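Now for the letters of each chain:
Number of protein chains: 2
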Amino acid sequence: MLKHTIAEVRELVKQWKKEGLTVGLVPTMGALHAGHLSLIKKAVEKCDRVVVSVFVNPIQFCPGEDLDKYPRTLEADTKLCEDAGVSIVFAPSPSEMYGEGQMRTNDFLTYVIPPFFYVNKLCGKSRVGHFDGVCTVVNKLFNIVQPDYAFFGEKDAQQLIIIKKMVKDLNIPVEIIPCPIVREESGLALSSRNKYLSENDKKEALVLSKILNNIKLCYKKGITDIESLKETAYTFLNEHHDLEYLEFMNQTNLDEVKIADDNTRVFIACRVGGVRLIDNILLGE
Amino acid sequence: MLKHTIAEVRELVKQWKKEGLTVGLVPTMGALHAGHLSLIKKAVEKCDRVVVSVFVNPIQFCPGEDLDKYPRTLEADTKLCEDAGVSIVFAPSPSEMYGEGQMRTNDFLTYVIPPFFYVNKLCGKSRVGHFDGVCTVVNKLFNIVQPDYAFFGEKDAQQLIIIKKMVKDLNIPVEIIPCPIVREESGLALSSRNKYLSENDKKEALVLSKILNNIKLCYKKGITDIESLKETAYTFLNEHHDLEYLEFMNQTNLDEVKIADDNTRVFIACRVGGVRLIDNILLGE
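Line by line, the protein sequences are chains F and A. Take any residue in the first sequence, count from 1 to its spot, add 59: that is its number in this note's numbering. Take any residue in the second sequence, count from 1 to its spot, add 59: that is its number in this note's numbering.
One chain only, chain F, in its complex shape (with noise of 0.2 Å):
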């Protein structure tokens, strides 16, 4: 259930694709929560094999970022894996992944890296290297794995396109699941980073999700102008709040938008108690 090493994953895989079973990846951090969960039920439901990976991937953390603190779960997270009917929980060290130290930096690891124009927004544009990262990692678990699905939140919903872009790009052998967020009854989404959060916190979080819905509120009524759209989300905002950015994009190629339809995607980052968080809509749901 548990492996640790490359060679393991690959053994298991090569004897599934010869039986002729479909492969499902859901990879992860770890800290695995309700809204990974719902990724990996849906893998499971489609999927022959479902493999899951548990990897906290340092080359996709900035300087400053929180790697070390990152929580970690793994005998949690593989409790919770096997009662979900996932075949093989992934969890290998960064050494398996990227051989010592200085193999991390770009001057001796090949990297996958994803458009400018993708990254040069949003969270990318103070997560500077943070998608190359994630494109490098994400790459080399498909080609570990060799998934036929993968499952990706919606959550992370700018790194999720970027995905699919590199998919498309490269012509990567894998389709894309996109699951929406699972959120608290109270409507703050789901991420691992909520642990970081005190009981006051969590209320002042609930801000992201407020400004989202609000804003939703608006454009089903008519509103469509986006700096009429971004003004009604400041009363909201309080001493508590560090709003990063709010913007409103192109849901599949990340262009921004002016007059917002259907197919806007609107993206809020804020810090709440030195906590980052992020959370998104789409408008025409």
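Since the hints were derived computationally from the structure, they do not count as laboratory data. Please read all numbers here as calculations on a predicted model, not as lab measurements. Please note that a few of the clues may not be correct.
If several chains are the same, the list does not tell them apart, and a pair holds so long as it fits within one copy or across any two.
Cross-link-like lysine-lysine pairs, in silico, DSSO-like; alpha carbons within 30 Å at most [stated by the list, open to error]: (1) 62 / 223; (2) 73 / 317; (3) 62 / 262; (4) 269 / 128; (5) 101 / 76; (6) 128 / 280; (7) 317 / 261; (8) 77 / 180; (9) 77 / 101; (10) 279 / 262; (11) 62 / 76; (12) 275 / 254; (13) 62 / 180; (14) 105 / 73; (15) 73 / 227; (16) 73 / 100.
We have chain F already, so just place chain A on it with the hints.
Chain A in isolation, oriented as in the chain F frame:
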């Protein structure tokens, strides 16, 4: 035999895989000569089915290079492949591979970028971006054809080393088979660019293999100091030769070498009659 679309190739390869056949890929830019033919023969020998791609890849040409006048001889190439027992000649259009115009810049296209340490030397120094284009297109071809084996000539030794590194770094499930340089009786390494040479240029072009052979001779006699070995080259050069580089590197990781040993590969690039030619030799053979 001759296929122009990705979909056709995928369909045939899928069928082969179902039948349990092994697949070989020989990526080329066409204008096939006896050098390519040696790769193709090796592939046909080793694999149940062989795909030869013929694609003059625009994104690996640098500004001012010979993209437009690069020789294109698809009819003859196809005939040669057919006679050699190749199953598919895959000759896509640039738009089949990349979509239209703007798609080919790193603003709008996902790139596979080899490590700086491997690129910032030899041909990579003057041909900025060249190996980014090579790695990206080879990665695409690997994803389209999903070969068990891929065949590359040692003529482009830096390219071969970089491709091997990419396969390792990205865990690509393909085995790279290196194939030795094929030479004219005179010693001139075969290259599609030899077509640009006049009769007299062709004579002057022998300087590359002469220098390499002489260095190897001196090494075999016991000279291992790089500076001394380099000095032996200068006696061969005249006003017809514009030497770009003569370098000694470890043949696996492209580390610079101070004292030559059996793993040292000597690389040379020299313009003759305005045509840029390259050649190389392994000292321990």
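Here is what the structure says about each hint:
1. In this assembly of identical chains, residue 62 and residue 223 lie within 30 Å of each other by CA distance both inside one copy and across copies; the values are 27 Å within and 26 Å between.
2. For a Cα distance limit of 30 Å, the shortest separation of residue 73 from residue 317 qualifies neither inside one copy, at 49 Å, nor across copies, at 44 Å.
3. Within a single copy, residue 62 and residue 262 get their C-alpha atoms no closer than 39 Å, and across copies no closer than 60 Å, so neither meets the 30 Å cut-off.
4. In this assembly of identical chains, residue 269 and residue 128 lie within 30 Å of each other by CA distance solely inside one copy; the values are 29 Å within and 60 Å between copies.
5. For a Cα distance limit of 30 Å, the shortest separation of residue 101 from residue 76 qualifies both inside one copy, at 20 Å, and across copies, at 28 Å.
6. With identical chains, the CA atoms of residue 128 and residue 280 are never at most 30 Å apart, being 43 Å at best within one copy and 59 Å at best between copies.
7. Taking identical chains as interchangeable, the C-alpha atoms of residue 317 and residue 261 are never at most 30 Å apart, the minima being 32 Å within one chain and 61 Å between chains.
8. For a Cα distance limit of 30 Å, the shortest separation of residue 77 from residue 180 qualifies neither inside one copy, at 43 Å, nor across copies, at 43 Å.
9. With identical chains, the CA atoms of residue 77 and residue 101 are at most 30 Å apart both within one copy (23 Å) and between copies (27 Å).
10. For a Cα distance limit of 30 Å, the shortest separation of residue 279 from residue 262 inside one copy, 26 Å, qualifies, whereas the shortest one across copies, 77 Å, does not.
11. In this homomeric assembly, residue 62 and residue 76 come within 30 Å of each other (Cα to Cα) both inside a single copy, at 18 Å, and across copies, at 27 Å.
12. In this assembly of identical chains, residue 275 and residue 254 lie within 30 Å of each other by CA distance solely inside one copy; the values are 28 Å within and 64 Å between copies.
13. Taking CA atoms no more than 30 Å apart as the test, residue 62 paired with residue 180 passes in neither setting, with 36 Å inside one copy and 39 Å between copies.
14. Both within a single protomer and between protomers do residue 105 and residue 73 lie at most 30 Å apart by alpha-carbon distance, with minima of 19 Å and 21 Å respectively.
15. In this assembly of identical chains, the alpha carbons of residue 73 and residue 227 lie at most 30 Å apart whether taken from the same copy (24 Å) or from different copies (19 Å).
16. Within a single copy, residue 73 and residue 100 get their C-alpha atoms as close as 23 Å, and across copies as close as 28 Å, so both meet the 30 Å cut-off.
Checked against the numbered hints listed earlier, the structure breaks hints 2, 3, 6, 7, 8 and 13; every other hint is satisfied.
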